[in-house]
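The lines below spell out each chain.
There are 2 protein chains.
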Amino acid sequence: MPSPLFSETPIWKKLAQQAQRFSLPKMHLKHLLRQERRLETFSLNGAGLFYDFSRQRIDGEALGHLIELAEARDLRAQFRAMMAGEKVNVTEGRAALHTACRSFSDAPVRADGKDVMPAIRDVREKIRAFAEKIRGGAITGSTGKPFRHIVVVGIGGSYLGAQFISEALCAFADRKLALHYLANVDIHNFGHVASRIDPETTLWVMISKSYTTAETLANTKQAYAFMEEKGLDPSKHVVTVTSEGSPGDDPSNPVIDAFHMFNFIGGRYSVTSAVGGVPLSLYLGYERFEELLRGAEEMDQHALTAPPEKNLPLMAALISVWNNNFLGYEAHAIIPYAEPLCKLAPHVQQLYMESCGKSVTKDGRPLDGKQTGVIIFGEPGTNAQHSFFQLAHQGRPFPIDFIGVIRPQYEQYRSESKGVTNHQELWANFLSQPMALAIGKDDENPAKVFSGNRPSSTILLEDLSPRNVGRLLAFYEHRTVFEAFIWDINPFDQFGVELGKVMASDIRSEMVAKNGDEKHSFQGMDKINEFYLEALFSGEKWQVMREG
Amino acid sequence: MPSPLFSETPIWKKLAQQAQRFSLPKMHLKHLLRQERRLETFSLNGAGLFYDFSRQRIDGEALGHLIELAEARDLRAQFRAMMAGEKVNVTEGRAALHTACRSFSDAPVRADGKDVMPAIRDVREKIRAFAEKIRGGAITGSTGKPFRHIVVVGIGGSYLGAQFISEALCAFADRKLALHYLANVDIHNFGHVASRIDPETTLWVMISKSYTTAETLANTKQAYAFMEEKGLDPSKHVVTVTSEGSPGDDPSNPVIDAFHMFNFIGGRYSVTSAVGGVPLSLYLGYERFEELLRGAEEMDQHALTAPPEKNLPLMAALISVWNNNFLGYEAHAIIPYAEPLCKLAPHVQQLYMESCGKSVTKDGRPLDGKQTGVIIFGEPGTNAQHSFFQLAHQGRPFPIDFIGVIRPQYEQYRSESKGVTNHQELWANFLSQPMALAIGKDDENPAKVFSGNRPSSTILLEDLSPRNVGRLLAFYEHRTVFEAFIWDINPFDQFGVELGKVMASDIRSEMVAKNGDEKHSFQGMDKINEFYLEALFSGEKWQVMREG
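Respectively, the protein sequence lines represent chains W and P.
According to my numbering, the first sequence is numbered sequentially starting from -16.
According to my numbering, the second sequence is numbered sequentially starting from -16.
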């Protein structure tokens, strides 16, 4: 029996009533923050992270109802089903077992009745051995030189997660190895990378689950042409990360090695699989990748076992839904006060917006798209303060996750300015911003009035070790699926990307025809695309349309 | 006499009525797009750019009212006043003369009665000569070696604009010179840059209008300590871009040279001043920087002289306000199908959100912050398709600017995949996405239904020459100020960043006290910040708070 639509449940009504209460002046955050033990009551500690939601627009009563929501929507049972290998990706008939990628327990995890752990352990072991050989110089390129450049060819889920982690941990990277990402099909992306590598010492890592992704295939072809032009043997310069039996796993097209990913791993949840494992182990060393997995595993276990009122990602999901569906905020910012986390927001943007940007429940009942996922964006602080925080303080409000790190990675630079170190200066800002947003300020000059009452959470990490970054990664993964579980949507499919692909295919056919016969006419297409295709093919002769 | 509040004008009422009409099924974009001459009617060409708003939710009647809005709010007169040097930044009593930075006319431009053009021409000439000497090796570091690294130290407006342009034009860069940005006060940012430069061949460009920006000062101190530790003479490795007479322009602190910026240039509008001019001329050569200025100047003249119905940035502002205030979209995405424009969205995010995130008119009457600027975000296509376009197609809708380039920068890579070049593949996507968003698709399977009616504009550039990038830069600057003029807000101040600074200063004082005396207690602060400061100072001993 399907769950009732969230908007038709008794708990929705209760929460909507609660939200009304929060429109009263006495519920302004500046008052709520005066409550005794505000921080202790509205913060959680678990799996090595500290999650403070004391500056969210919430009180004990509303929190009680949110916890009721967790029970009413059976969130932990849904999470348990996911981790147990049930086919929670119902529309595609698959499990969603990214948590198995970081399981170090002896317990089997079954998908379709078969324990997936042996295959996962094999891939991990294969990555370990391979990374050691590349990093140690035991495997070289076709001219015998050790590898010095890694180009990761992949897009979306085959790119953003690894990029987030490699930036977060770049202080640990092997400085002899440069890491480049080739995602966009824009030839500029290829040209830019090609002009910065030494072809003889370059290892290409081609990542595509199906090995049919148009962008990745196009870039792979460019790379092969480039290697051949340089007189190099691609079979000595390419590894693939792909599904067993895909065109990237075809012995007639030899490569150094092929690492398997599995149909129960979705792209945006794949960082802890071989998709992240191969590039990150090459760049950081396998041991650090394994530490990342162990951090993620801790968060998995926490999310699985902690009751709702103590469960960090579950609580973060409840707060997010509260802000979205009940307080009416349409966007959410992620502001790490830690430059190494500069690619966290783009990663979560994909993870969350692709998972939760849905207008249908998992069993096909229509929803209003304005009731599901919000827009995610963000930049590191303090940069963001000098960019869009004007709007955050005095314009259209949006909730924020502030993220701080107690100990920085570069402790050798300690000179002071204004009596504090750079790290302390960073923290002075990290602490002042959430408070300024919450409390606001009156002023006789209306231009200097801060209305306040702008909600945020604060997440604290002890340091940016691989383990803590793994915890943070899994925190956002689980926050995402818990929200989807509340709405009863499928966070693991992405049918919304299909229509554009179909239409692109029609346009590509026109291009192919034109490439084959320059007299080919675009008439018969819709008028707008006809105009643009003519512009593209006119090349140097193009003059923008005058008047019309 | 102040203008009436926009929401209280007759034209607001008319537009609100128009918007109601657009909720009818017959006004779905799939129907609007069947109109004869849809593209010709709803597109503009000017100053070298093509702006297509045919896939916005608009028809002739609504457009007529929008043009009426332009007249009702006297937008061109406000723009003329800005370019003429009037004190349009009323709250700070200053002109906003970024357009003068790219004027190559002989006409004087007066601020406070004085022609600013001679000083602007002097700075330009000084930049030209300086860049030539650095690039040619006539000026060297303190050990006599030519410069190979440039570190630009600046944040917000002293950073994002130059970063956007240097990425957009990096194909033209001098490959012997590496460009690094040091914005964030996070010591990681410094450590990361320091580990990638050769100190002897590094030129530091310190950019701060007041030379009191906390982050930039802190990073400058680190840089000086770093140079001294390496035995280098900072006076041979540093240039400043700052206001005349600021601490960065003090002869007792010698530098290679100091380049002036002026109080009539706001940070987020400063790319075409010395703020962008020094780093970009070093990296790209002065001639290319001047080409950029000339492109911007063309757009300035277009914005100044074209009537509303032919004026690209003005029309883009009208469409943006229509989407925001009348159709209810709270965010706006910028998706360039051009990897070199990867930093356009972060730049416009600052430019627009800091300019338009206001809740008070320029003469101090309160506004609802939900009536002014929206949230700006974006990533290049096709990357964005594999990231958040699921939500764009099937979740919460938001308007998009699609940007395309006819001729790519790297034309030597031409191998084909699926019968098309990479650039054609990029275009197949660039053309399909706006159409898929607009038209949508029905399906028996509700998970495969695309509701469509999702608005977008398309902006076309012939290529990514410095001139075209300058045009695009000025297009977004002017779109921003035109929107502010509609709301009667001041796009040139940013009082919303002040409260956080004041609070940070209080927290910094506590840190200074603790640095001086480790027995200093944080009691007496608010409980939340007390907790966090204790966590920070506990350093390695820190254990996250258990239970509370």
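Quick caveat, the hints were computed from the structure, so don't treat them as lab data.
Just so you know, not all the hints are guaranteed correct.
Estimated spans, in silico, between C-beta atoms of each pair [unchecked claim]:
(1) W:Pro230 with P:Ala154: 44 to 54 Å
(2) P:His14 with W:Gly347: 20 to 30 Å
(3) W:Lys213 with P:Arg179: 47 to 57 Å
(4) W:Leu(-12) with P:Arg179: 26 to 36 Å
(5) W:Gln506 with P:Asp425: 20 to 30 Å
(6) W:Lys213 with P:Ala154: 45 to 55 Å
(7) W:Pro8 with P:Gln3: 58 to 68 Å
(8) P:Arg63 with W:Asp181: 25 to 35 Å
(9) P:Arg397 with W:Glu115: 33 to 43 Å
(10) W:Arg158 with P:Gly347: 48 to 58 Å
(11) W:Arg20 with P:Gly228: 18 to 28 Å
(12) P:Arg63 with W:Ala154: 33 to 43 Å
(13) P:Val485 with W:Asp89: 41 to 51 Å
The C-beta atom is built at its ideal place from N, Cα and C for all residues, glycine as well.
Here is how each hint holds up against the structure:
1. W:Pro230 with P:Ala154: 44 to 54 Å: violated, 32 Å
2. P:His14 with W:Gly347: 20 to 30 Å: At roughly 27 Å between Cβ atoms, Gly347 of chain W and His14 of chain P fall inside 20 to 30 Å, so the hint holds.
3. W:Lys213 with P:Arg179: 47 to 57 Å: The hint (47 to 57 Å, Cβ to Cβ) is violated, given that Lys213 of chain W and Arg179 of chain P are roughly 26 Å apart.
4. W:Leu(-12) with P:Arg179: 26 to 36 Å: Given about 53 Å between the Cβ atoms, the range is violated.
5. W:Gln506 with P:Asp425: 20 to 30 Å: Cβ of Gln506 of chain W to Cβ of Asp425 of chain P: about 27 Å, so the range 20 to 30 Å holds.
6. W:Lys213 with P:Ala154: 45 to 55 Å: violated, 21 Å
7. W:Pro8 with P:Gln3: 58 to 68 Å: Roughly 32 Å apart at Cβ, these two residues miss the hinted range, so it is violated.
8. P:Arg63 with W:Asp181: 25 to 35 Å: Hint violated: Cβ distance 55 Å, outside 25 to 35 Å.
9. P:Arg397 with W:Glu115: 33 to 43 Å: holds, 38 Å
10. W:Arg158 with P:Gly347: 48 to 58 Å: Check passed, 55 Å falls within 48 to 58 Å.
11. W:Arg20 with P:Gly228: 18 to 28 Å: violated, 52 Å
12. P:Arg63 with W:Ala154: 33 to 43 Å: violated, 52 Å
13. P:Val485 with W:Asp89: 41 to 51 Å: Violated, since Val485 of chain P and Asp89 of chain W (Cβ atoms, about 56 Å apart) do not stay within the stated range.
Hint violations for this structure: numbers 1, 3, 4, 6, 7, 8, 11, 12 and 13, all remaining hints satisfied.
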